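Chains as they are written, first to last, in the numbering used here: chain F, 1 to 229; chain S, 230 to 458; chain C, 459 to 687; chain L, 688 to 916.
The reader is advised that the hints may include incorrect statements.
Within a straight-line C-alpha distance of at most 27 Å, the following computed DSS-like cross-link-like pairs (lysine-lysine) qualify [claimed, not checked]: (1) F:60 / F:4; (2) S:426 / S:406; (3) L:898 / L:847; (4) S:398 / L:744; (5) S:332 / L:790; (6) L:790 / L:898; (7) S:367 / S:332; (8) C:570 / F:138; (9) C:515 / L:744; (10) C:596 / F:160; (11) S:332 / C:596.
Footprint (simulated), chain S over chain F, 3 or more residues, beta carbon under 8 Å [what the hints assert, rightly or not]: (12) 3–11; (13) 78–88; (14) 108–118; (15) 136–150.
Bear in mind the hints are in silico, worked out from the structure with no lab data behind them. Keep in mind it's a predicted model, so treat the numbers as computed, not measured. Here a beta-carbon is modelled for each residue, glycine too, at the ideal position from N, C-alpha and C.
Protein chains: 4
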Amino acid sequence: MPEKFQTPMIIVNFKTYFEATGRRAVELAKKAEKVSNETNVYIGVAPQFADIATISKAVKIPVFAQHIDPIRPGSFTGYVLAESIKESGAVGTLINHSERQLKLSDIDEAIKITREIGLLSLVCANNPSISNAVATLKPDILAIEPPELIGTGIPVSKAKPEVVTDTIKLVRKVNPKVTILCGAGISHGEDVAVALKLGTQGVLVASGIVKAKDPYTILREFAQATKQR
Amino acid sequence: MPEKFQTPMIIVNFKTYFEATGRRAVELAKKAEKVSNETNVYIGVAPQFADIATISKAVKIPVFAQHIDPIRPGSFTGYVLAESIKESGAVGTLINHSERQLKLSDIDEAIKITREIGLLSLVCANNPSISNAVATLKPDILAIEPPELIGTGIPVSKAKPEVVTDTIKLVRKVNPKVTILCGAGISHGEDVAVALKLGTQGVLVASGIVKAKDPYTILREFAQATKQR
Amino acid sequence: MPEKFQTPMIIVNFKTYFEATGRRAVELAKKAEKVSNETNVYIGVAPQFADIATISKAVKIPVFAQHIDPIRPGSFTGYVLAESIKESGAVGTLINHSERQLKLSDIDEAIKITREIGLLSLVCANNPSISNAVATLKPDILAIEPPELIGTGIPVSKAKPEVVTDTIKLVRKVNPKVTILCGAGISHGEDVAVALKLGTQGVLVASGIVKAKDPYTILREFAQATKQR
Amino acid sequence: MPEKFQTPMIIVNFKTYFEATGRRAVELAKKAEKVSNETNVYIGVAPQFADIATISKAVKIPVFAQHIDPIRPGSFTGYVLAESIKESGAVGTLINHSERQLKLSDIDEAIKITREIGLLSLVCANNPSISNAVATLKPDILAIEPPELIGTGIPVSKAKPEVVTDTIKLVRKVNPKVTILCGAGISHGEDVAVALKLGTQGVLVASGIVKAKDPYTILREFAQATKQR
Numbered sequence: 001m002p003e004k005f006q007t008p009m010i011i012v013n014f015k016t017y018f019e020a021t022g023r024r025a026v027e028l029a030k031k032a033e034k035v036s037n038e039t040n041v042y043i044g045v046a047p048q049f050a051d052i053a054t055i056s057k058a059v060k061i062p063v064f065a066q067h068i069d070p071i072r073p074g075s076f077t078g079y080v081l082a083e084s085i086k087e088s089g090a091v092g093t094l095i096n097h098s099e100r101q102l103k104l105s106d107i108d109e110a111i112k113i114t115r116e117i118g119l120l121s122l123v124c125a126n127n128p129s130i131s132n133a134v135a136t137l138k139p140d141i142l143a144i145e146p147p148e149l150i151g152t153g154i155p156v157s158k159a160k161p162e163v164v165t166d167t168i169k170l171v172r173k174v175n176p177k178v179t180i181l182c183g184a185g186i187s188h189g190e191d192v193a194v195a196l197k198l199g200t201q202g203v204l205v206a207s208g209i210v211k212a213k214d215p216y217t218i219l220r221e222f223a224q225a226t227k228q229r
Numbered sequence: 230m231p232e233k234f235q236t237p238m239i240i241v242n243f244k245t246y247f248e249a250t251g252r253r254a255v256e257l258a259k260k261a262e263k264v265s266n267e268t269n270v271y272i273g274v275a276p277q278f279a280d281i282a283t284i285s286k287a288v289k290i291p292v293f294a295q296h297i298d299p300i301r302p303g304s305f306t307g308y309v310l311a312e313s314i315k316e317s318g319a320v321g322t323l324i325n326h327s328e329r330q331l332k333l334s335d336i337d338e339a340i341k342i343t344r345e346i347g348l349l350s351l352v353c354a355n356n357p358s359i360s361n362a363v364a365t366l367k368p369d370i371l372a373i374e375p376p377e378l379i380g381t382g383i384p385v386s387k388a389k390p391e392v393v394t395d396t397i398k399l400v401r402k403v404n405p406k407v408t409i410l411c412g413a414g415i416s417h418g419e420d421v422a423v424a425l426k427l428g429t430q431g432v433l434v435a436s437g438i439v440k441a442k443d444p445y446t447i448l449r450e451f452a453q454a455t456k457q458r
Numbered sequence: 459m460p461e462k463f464q465t466p467m468i469i470v471n472f473k474t475y476f477e478a479t480g481r482r483a484v485e486l487a488k489k490a491e492k493v494s495n496e497t498n499v500y501i502g503v504a505p506q507f508a509d510i511a512t513i514s515k516a517v518k519i520p521v522f523a524q525h526i527d528p529i530r531p532g533s534f535t536g537y538v539l540a541e542s543i544k545e546s547g548a549v550g551t552l553i554n555h556s557e558r559q560l561k562l563s564d565i566d567e568a569i570k571i572t573r574e575i576g577l578l579s580l581v582c583a584n585n586p587s588i589s590n591a592v593a594t595l596k597p598d599i600l601a602i603e604p605p606e607l608i609g610t611g612i613p614v615s616k617a618k619p620e621v622v623t624d625t626i627k628l629v630r631k632v633n634p635k636v637t638i639l640c641g642a643g644i645s646h647g648e649d650v651a652v653a654l655k656l657g658t659q660g661v662l663v664a665s666g667i668v669k670a671k672d673p674y675t676i677l678r679e680f681a682q683a684t685k686q687r
Numbered sequence: 688m689p690e691k692f693q694t695p696m697i698i699v700n701f702k703t704y705f706e707a708t709g710r711r712a713v714e715l716a717k718k719a720e721k722v723s724n725e726t727n728v729y730i731g732v733a734p735q736f737a738d739i740a741t742i743s744k745a746v747k748i749p750v751f752a753q754h755i756d757p758i759r760p761g762s763f764t765g766y767v768l769a770e771s772i773k774e775s776g777a778v779g780t781l782i783n784h785s786e787r788q789l790k791l792s793d794i795d796e797a798i799k800i801t802r803e804i805g806l807l808s809l810v811c812a813n814n815p816s817i818s819n820a821v822a823t824l825k826p827d828i829l830a831i832e833p834p835e836l837i838g839t840g841i842p843v844s845k846a847k848p849e850v851v852t853d854t855i856k857l858v859r860k861v862n863p864k865v866t867i868l869c870g871a872g873i874s875h876g877e878d879v880a881v882a883l884k885l886g887t888q889g890v891l892v893a894s895g896i897v898k899a900k901d902p903y904t905i906l907r908e909f910a911q912a913t914k915q916r
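Please model the complete structure; the sequences and the hints are all you need to start from.
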């Protein structure tokens, strides 16, 4: 049975930030859980592979891996097996993040693997035409993230609204069901509200939360912004 | 202070084998610990990233990662940060396994990172000339593994003893201190004994243990074979 | 103005076969030209990068590169610039051959570059779902090639006709204009005839011609088979 | 019989610069040939793959490829076969340029291939420890190029002389014969003179010549500077 999820959703990518490694990752995940409990908004966290097991035990919000390799069990030293992150407690995984892009056939295979073993697939895409291609592969969730805005604090929803709306238009023609997020530069609640108004069902965020002075407060602002519609 | 270790050593690479994923990985690590306790031989295990934290808590034998990326904390979604595997309890990491080979400059950088943060580096090499090059980069441990024998059950120590002895000769000219292991096809205690007689200080093994009907018994045979000299 | 082409078409991929390197590549291209002249069928050749200039001068049939990198002029030592292969006489390029697969965003970018500078794009795909994704990126030509049949002599058109027909069905929904080829295992004229009957507009072939005892005769058989409809 | 060469040497890497593509590449090679003839200094050029054949016919100075793949003839669509660049007239090849770095085992294999088929190997390295490792693999020529200076116009020979002298010291311990070049930021004759005084036998240069307003004049200045000792 496929993993369930709700929209609107906020997914926090921990990347390999110092502030989101080991003990600090667990603390950050607990703050995300607190906000989720207080606001009743679906908030997922995507920590590093080695932190998945500990975080999955520490919190009840959904945990995503940041990547899986398109492999089945076997001789693949140093690669990331979907079964491994699932047994550690992850409910899904990012695929093809702009910092960890995959060959097209590997995206296709990775999505098929998530479907087989019951993980959510959240596939990232750089631009509308890539989003369109990804949408045909039927992931559960698609996140449009213009790489030139990642980490800048300039929100895609305000700086490039047409990228978001073009993506939605193209994607809906080939895939009416996929959940669509946007990301890159999301730093304030208002950026989240605008993203939803443009037609997305949530955001993928990283430095905006992880590098914030007070991640709890910002994340709470994000969660409340999802209710402004 | 650098992590300490003893020789002779046996390092068990769990790869992404089904038999060494999740719960099954923890059980296998416990068997390795049992053998280590009973024989007083240094036995390390190298599970998948997502299993490092759980295994490090479950056993007291040394845990290695199978790979790290040559990165510092930052924006590297889906990559493996050395700090992350260290905080999860790993004492070292494999680098450049023949199934996960790195660019030369990335091997150099990964070794430097392990040195900085206090992890053991176990660098793999395919042949004597590559071992020679690796040895100049001053890893803690070097493992020579002819890829054509990996997973075959044909032990490098018996099938290609000259690969092992040539490697030792070349390596010792440029690096008198590095610990030298051999691997590929090691399946019986005798293969381990021969490896040590050829001048190595231990073995790197994977399917020979992980895929064995009775891993405990075979590993015990390996451990006892290290005492035959 | 975009480069023109005709269908049905036969594209011969020279790979890095010894029989299709240097002088031998020029001779093979001349045989392809002879067949094209005699049968009036569109036959293109895809030699190695270093042979493009010489072959483009030696023959009048269309020459394709086997790959381009998704780059603009600049500091990319050792990469393949589209302008470079165009100035050497190529009219188009293969992209994402199963032996040289690209990240999804690089396929997108490479196709955009070919469009900008006036090269034909011939994008390969492993299976129907990947073909569907590729088709949304609007290449000029799409070749479906199940990698498990490449080089086997077992023709995709006969062994996996449903792969070909499923691909055509999916692709036509999102892209009514793209020219569709199939490849892998094509060895006899009959394989070509079947490919066309299934609805493709030609074939991509490599060892079936390059490794043939008498490439001229087999290629002539292929060309004549395109007229059987 | 191995290809012969002289020192001091100047190798001009054309990269994928617009100014060094197609016709413009041929003109630039002719200027290099003119300087070489006038000064009697060994000057090699490293154009893009597709330009090797035309340039090799147009000039008599040595032509290098910018990269080869570690492959033998076979099914490697889109890769660069050593035989192919040799048949097109190249006498050698760059390997592991900092913009096109290779896995360690691929460097080892590529060097072995050049030795077998009679091509000069010019292997690049980023820093002294990597140079040391490369030197053990016995290339014909080794070029130390700190990547942070490439394309800056800040010459390695003046900005980081200790990188050059440390490299020479380390390399000479493991390989007394290899020809050592330095590169990165070389823009004036004086940079070349300093490089030779530090103990190198020449320079690897790219933008300093290719992007110069008057490449002929600057290259002539470089060539004359090699005689200042």
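Which numbered hints are broken by the structure, listed smallest first? Numbers 4, 6, 11, 12, 14, 15, in rising order.
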